[in-house]
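Line by line, the protein sequences give chains A and B.
Numbered per my numbering, the first sequence finishes at 647, counting up by one with no gaps.
Numbered per my numbering, the second sequence finishes at 647, counting up by one with no gaps.
You may find that some hints are simply not true.
[Unchecked claim] Here are the computed lysine to aspartate or glutamate pairs in the EDC-like style, where the Cα-Cα straight-line distance is at most 20 angstroms:
{"no.": "1", "chain 1": "A", "residue 1": "Lys410", "chain 2": "A", "residue 2": "Asp387"}
{"no.": "2", "chain 1": "B", "residue 1": "Lys602", "chain 2": "B", "residue 2": "Glu645"}
{"no.": "3", "chain 1": "B", "residue 1": "Lys443", "chain 2": "B", "residue 2": "Glu386"}
{"no.": "4", "chain 1": "A", "residue 1": "Lys602", "chain 2": "B", "residue 2": "Glu640"}
{"no.": "5", "chain 1": "A", "residue 1": "Lys410", "chain 2": "A", "residue 2": "Glu426"}
{"no.": "6", "chain 1": "B", "residue 1": "Lys602", "chain 2": "B", "residue 2": "Glu640"}
{"no.": "7", "chain 1": "A", "residue 1": "Lys410", "chain 2": "A", "residue 2": "Asp433"}
{"no.": "8", "chain 1": "A", "residue 1": "Lys525", "chain 2": "B", "residue 2": "Glu570"}
{"no.": "9", "chain 1": "A", "residue 1": "Lys443", "chain 2": "A", "residue 2": "Glu391"}
{"no.": "10", "chain 1": "A", "residue 1": "Lys636", "chain 2": "B", "residue 2": "Glu386"}
{"no.": "11", "chain 1": "A", "residue 1": "Lys636", "chain 2": "B", "residue 2": "Glu645"}
{"no.": "12", "chain 1": "B", "residue 1": "Lys475", "chain 2": "B", "residue 2": "Asp507"}
{"no.": "13", "chain 1": "A", "residue 1": "Lys410", "chain 2": "A", "residue 2": "Glu391"}
{"no.": "14", "chain 1": "B", "residue 1": "Lys636", "chain 2": "A", "residue 2": "Glu640"}
{"no.": "15", "chain 1": "B", "residue 1": "Lys475", "chain 2": "B", "residue 2": "Asp499"}
{"no.": "16", "chain 1": "A", "residue 1": "Lys602", "chain 2": "B", "residue 2": "Glu645"}
{"no.": "17", "chain 1": "A", "residue 1": "Lys602", "chain 2": "A", "residue 2": "Glu570"}
{"no.": "18", "chain 1": "A", "residue 1": "Lys532", "chain 2": "A", "residue 2": "Asp632"}
{"no.": "19", "chain 1": "B", "residue 1": "Lys602", "chain 2": "A", "residue 2": "Glu640"}
{"no.": "20", "chain 1": "B", "residue 1": "Lys602", "chain 2": "A", "residue 2": "Glu633"}
{"no.": "21", "chain 1": "B", "residue 1": "Lys443", "chain 2": "B", "residue 2": "Glu407"}
{"no.": "22", "chain 1": "B", "residue 1": "Lys532", "chain 2": "B", "residue 2": "Asp507"}
{"no.": "23", "chain 1": "B", "residue 1": "Lys525", "chain 2": "A", "residue 2": "Glu570"}
{"no.": "24", "chain 1": "A", "residue 1": "Lys602", "chain 2": "A", "residue 2": "Asp632"}
{"no.": "25", "chain 1": "A", "residue 1": "Lys532", "chain 2": "A", "residue 2": "Asp499"}
{"no.": "26", "chain 1": "A", "residue 1": "Lys602", "chain 2": "A", "residue 2": "Glu633"}
{"no.": "27", "chain 1": "A", "residue 1": "Lys443", "chain 2": "A", "residue 2": "Glu426"}
{"no.": "28", "chain 1": "A", "residue 1": "Lys602", "chain 2": "A", "residue 2": "Asp499"}
{"no.": "29", "chain 1": "A", "residue 1": "Lys532", "chain 2": "A", "residue 2": "Glu570"}
{"no.": "30", "chain 1": "B", "residue 1": "Lys636", "chain 2": "A", "residue 2": "Glu594"}
[Unchecked claim] With the C-beta cut set under 10 angstroms, the calculated list includes, among others, these residues of chain A facing chain B:
{"no.": "31", "residue": "Thr352"}
{"no.": "32", "residue": "Ala494"}
{"no.": "33", "residue": "Gly515"}
{"no.": "34", "residue": "Thr544"}
{"no.": "35", "residue": "Glu570"}
{"no.": "36", "residue": "Lys602"}
{"no.": "37", "residue": "Glu645"}
Read the hints as simulated data drawn from the structure, not as lab findings.
Every residue, glycine too, gets a C-beta built ideally from N, C-alpha and C.
Protein chains: 2
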Amino acid sequence: MSILVVGSVAFDSIETPSGAVDHCLGGAATHFALAASYFTQVRVIAVVGEDFTPEHEAVLTRRGIDTRGIERAKGLSFHWTGSYTGSLNEAQTLGTDLNVFANFEPKIPDAYTDSEYLFLANIDPVLQARVRSQMSNVKMVCGDTMNYWIADHAANLAKVLSDLDVLLINDGEVRMLAGERNLVVGAEKVLSMGPKTLVVKHGEYGATAFFSNRSFSSTKISHPFRAPALPLAEVVDPTGAGDSFAGGFYGYLASQTELTPAVFRKAMFYGGVMGSFAVERFGTERLQNVTREEIDERFKLFMEISHLEGA
Amino acid sequence: MSILVVGSVAFDSIETPSGAVDHCLGGAATHFALAASYFTQVRVIAVVGEDFTPEHEAVLTRRGIDTRGIERAKGLSFHWTGSYTGSLNEAQTLGTDLNVFANFEPKIPDAYTDSEYLFLANIDPVLQARVRSQMSNVKMVCGDTMNYWIADHAANLAKVLSDLDVLLINDGEVRMLAGERNLVVGAEKVLSMGPKTLVVKHGEYGATAFFSNRSFSSTKISHPFRAPALPLAEVVDPTGAGDSFAGGFYGYLASQTELTPAVFRKAMFYGGVMGSFAVERFGTERLQNVTREEIDERFKLFMEISHLEGA
Numbered sequence: 337m338s339i340l341v342v343g344s345v346a347f348d349s350i351e352t353p354s355g356a357v358d359h360c361l362g363g364a365a366t367h368f369a370l371a372a373s374y375f376t377q378v379r380v381i382a383v384v385g386e387d388f389t390p391e392h393e394a395v396l397t398r399r400g401i402d403t404r405g406i407e408r409a410k411g412l413s414f415h416w417t418g419s420y421t422g423s424l425n426e427a428q429t430l431g432t433d434l435n436v437f438a439n440f441e442p443k444i445p446d447a448y449t450d451s452e453y454l455f456l457a458n459i460d461p462v463l464q465a466r467v468r469s470q471m472s473n474v475k476m477v478c479g480d481t482m483n484y485w486i487a488d489h490a491a492n493l494a495k496v497l498s499d500l501d502v503l504l505i506n507d508g509e510v511r512m513l514a515g516e517r518n519l520v521v522g523a524e525k526v527l528s529m530g531p532k533t534l535v536v537k538h539g540e541y542g543a544t545a546f547f548s549n550r551s552f553s554s555t556k557i558s559h560p561f562r563a564p565a566l567p568l569a570e571v572v573d574p575t576g577a578g579d580s581f582a583g584g585f586y587g588y589l590a591s592q593t594e595l596t597p598a599v600f601r602k603a604m605f606y607g608g609v610m611g612s613f614a615v616e617r618f619g620t621e622r623l624q625n626v627t628r629e630e631i632d633e634r635f636k637l638f639m640e641i642s643h644l645e646g647a
Numbered sequence: 337m338s339i340l341v342v343g344s345v346a347f348d349s350i351e352t353p354s355g356a357v358d359h360c361l362g363g364a365a366t367h368f369a370l371a372a373s374y375f376t377q378v379r380v381i382a383v384v385g386e387d388f389t390p391e392h393e394a395v396l397t398r399r400g401i402d403t404r405g406i407e408r409a410k411g412l413s414f415h416w417t418g419s420y421t422g423s424l425n426e427a428q429t430l431g432t433d434l435n436v437f438a439n440f441e442p443k444i445p446d447a448y449t450d451s452e453y454l455f456l457a458n459i460d461p462v463l464q465a466r467v468r469s470q471m472s473n474v475k476m477v478c479g480d481t482m483n484y485w486i487a488d489h490a491a492n493l494a495k496v497l498s499d500l501d502v503l504l505i506n507d508g509e510v511r512m513l514a515g516e517r518n519l520v521v522g523a524e525k526v527l528s529m530g531p532k533t534l535v536v537k538h539g540e541y542g543a544t545a546f547f548s549n550r551s552f553s554s555t556k557i558s559h560p561f562r563a564p565a566l567p568l569a570e571v572v573d574p575t576g577a578g579d580s581f582a583g584g585f586y587g588y589l590a591s592q593t594e595l596t597p598a599v600f601r602k603a604m605f606y607g608g609v610m611g612s613f614a615v616e617r618f619g620t621e622r623l624q625n626v627t628r629e630e631i632d633e634r635f636k637l638f639m640e641i642s643h644l645e646g647a
């Protein structure tokens with residue numbers, strides 16, 4: 337089934353201990369769409385500038401991603417400059433040039449309106465809510481956000497949260513949103529804001545899902561679920577790892593006919609799998625060229641490293 | 337089979353966001369022995385002062401722990417004062433009164449010499465090596481250490497590491513010992529120093545085992561293994577969590593007739609289980625009163641939170 341994602345398609349200039357790249361294709365929607373494309377059909381809503389060439393678009397279309405919702409505007413695309421020095425867990429933002437993204441007004445093509453899964457990548461919650469209201473018939477809504485919106489746009493964000501099936505954020509964002517240091521207590525507070533399920537990304541330590549009693553229609557699970565991350569000898573570029581996790585997670589969910597606890601757990605593993613590929617190369621390079629066989633092989637490896645009886 | 341543990345039996349004065357306790361029974365050997373006592377016979381070598389009463393000893397003997405190796409000396413027992421403010425992941429040491437521990441000379445009672453498993457808790461590596469050399473016929477040696485010995489007693493520590501079956505330390509200690517930020521690269525360096533297997537404790541994120549090709553006689557496993565920690569709404573007192581992990585882990589290993597990869601993985605889970613109990617109350621209170629039924633129940637919960645098909 338189809339996923340509609342709204343978010344940034346951008347250019348990233350990144351420095352990590354492994355090297356540096358200038359203006360490589362990036363953005364949350366790009367990483368998400370590429371990761372999800374190995375599981376299901378993905379449609380993108382974004383805005384780009386005149387520096388977004390047919391070669392850039394081909395990166396998406398080669399993976400079968402529908403780009404009809406990517407609007408072209410006069411000017412330059414969103415450009416992020418960041419560096420990872422010391423810790424690979426947190427980027428230092430050196431520059432954020434919004435460019436055409438500053439006036440982004442998401443428009444949903446008619447061809448997209450039958451999408452059954454909606455992903456609201458990390459953008460202004462006002463825009464997230466606007467897209468959500470135009471897609472009232474979707475089967476599931478999953479969303480992301482970040483510290484900037486939590487701190488300064490709380491009321492707008494609260495509206496988005498009140499209507500989410502799954503919120504995907506990291507440890508620090510849970511603590512900030514809940515105003516609470518303990519992750520379990522914080523997760524309960526976040527679930528009380530609306531999301532039926534909360535997935536907390538822990539970077540190199542994997543991810544934990546917390547479920548409200550509204551998470552699944554058929555089964556109630558009262559305890560969380562933890563998925564591992566793959567210990568990696570080299571993380572070339574962590575940029576987009578969280579969006580790639582979201583793409584693998586949501587892409588797998590959308591490919592299944594029924595949402596059961598077992599399907600949800602597998603989706604968490606596929607999230608980790610796609611995140612582990614994303615960080616192997618700069619930008620989206622690895623996500624463009626991974627194969628379904630490699631994905632299945634790595635899924636088995638995730639079983640091996642976490643299950644008592646192995647894969 | 338019997339485990340011989342050498343380490344500290346001490347008194348702890350602890351402040352955490354949940355409250356404070358003064359001079360409660362603590363020490364690495366105490367936490368380790370109590371946790372391991374649910375799985376196998378444990379024998380302790382330590383030194384205590386005149387403030388260690390029959391009531392304190394009964395805490396150990398009630399759990400069937402052999403205390404004949406606990407030497408009484410004139411003076412006061414080792415006393416540690418610490419507080420956890422803000423983060424529960426790291427204690428701030430406010431005072432370390434070594435007292436009788438300053439002149440600790442481990443003596444192995446004759447009745448202990450047939451012990452098959454040796455645990456070298458975090459003490460001066462010179463003493464760890466001395467005990468090791470007197471127990472040359474043991475089946476397995478597992479050890480712990482800390483930043484103090486890594487930084488200032490490297491040569492003595494190297495001797496201990498060269499002869500360990502399992503080294504159990506935390507993330508920060510791996511990075512410090514290896515001089516390397518990446519955990520996988522760091523783990524490889526630590527394994528090259530001697531330990532056949534390295535278990536890295538991640539606190540609230542669980543633990544990861546890294547295996548050298550000398551880990552198991554029968555099977556080679558080339559990838560690491562990750563065990564979860566239980567997400568807890570309240571951590572009353574993290575003191576001794578790592579030692580309790582070690583006790584659950586090693587106690588289970590010692591209770592099994594054969595060391596296979598599957599047994600090792602289960603041991604990692606039992607480590608997490610005992611760590612999760614330890615932090616529920618101050619000091620060793622919870623470890624004194626847990627039941628084997630509660631342990632088995634929580635083991636099932638660890639399966640539920642980490643396995644695709646649940647327990």
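Broken hints, numbered, in rising order?
Going through the list in order, the structure violates hints 5, 9, 10, 12, 17, 18, 20, 27, 28, 29, 30, 31, 32 and 33 and respects the others.
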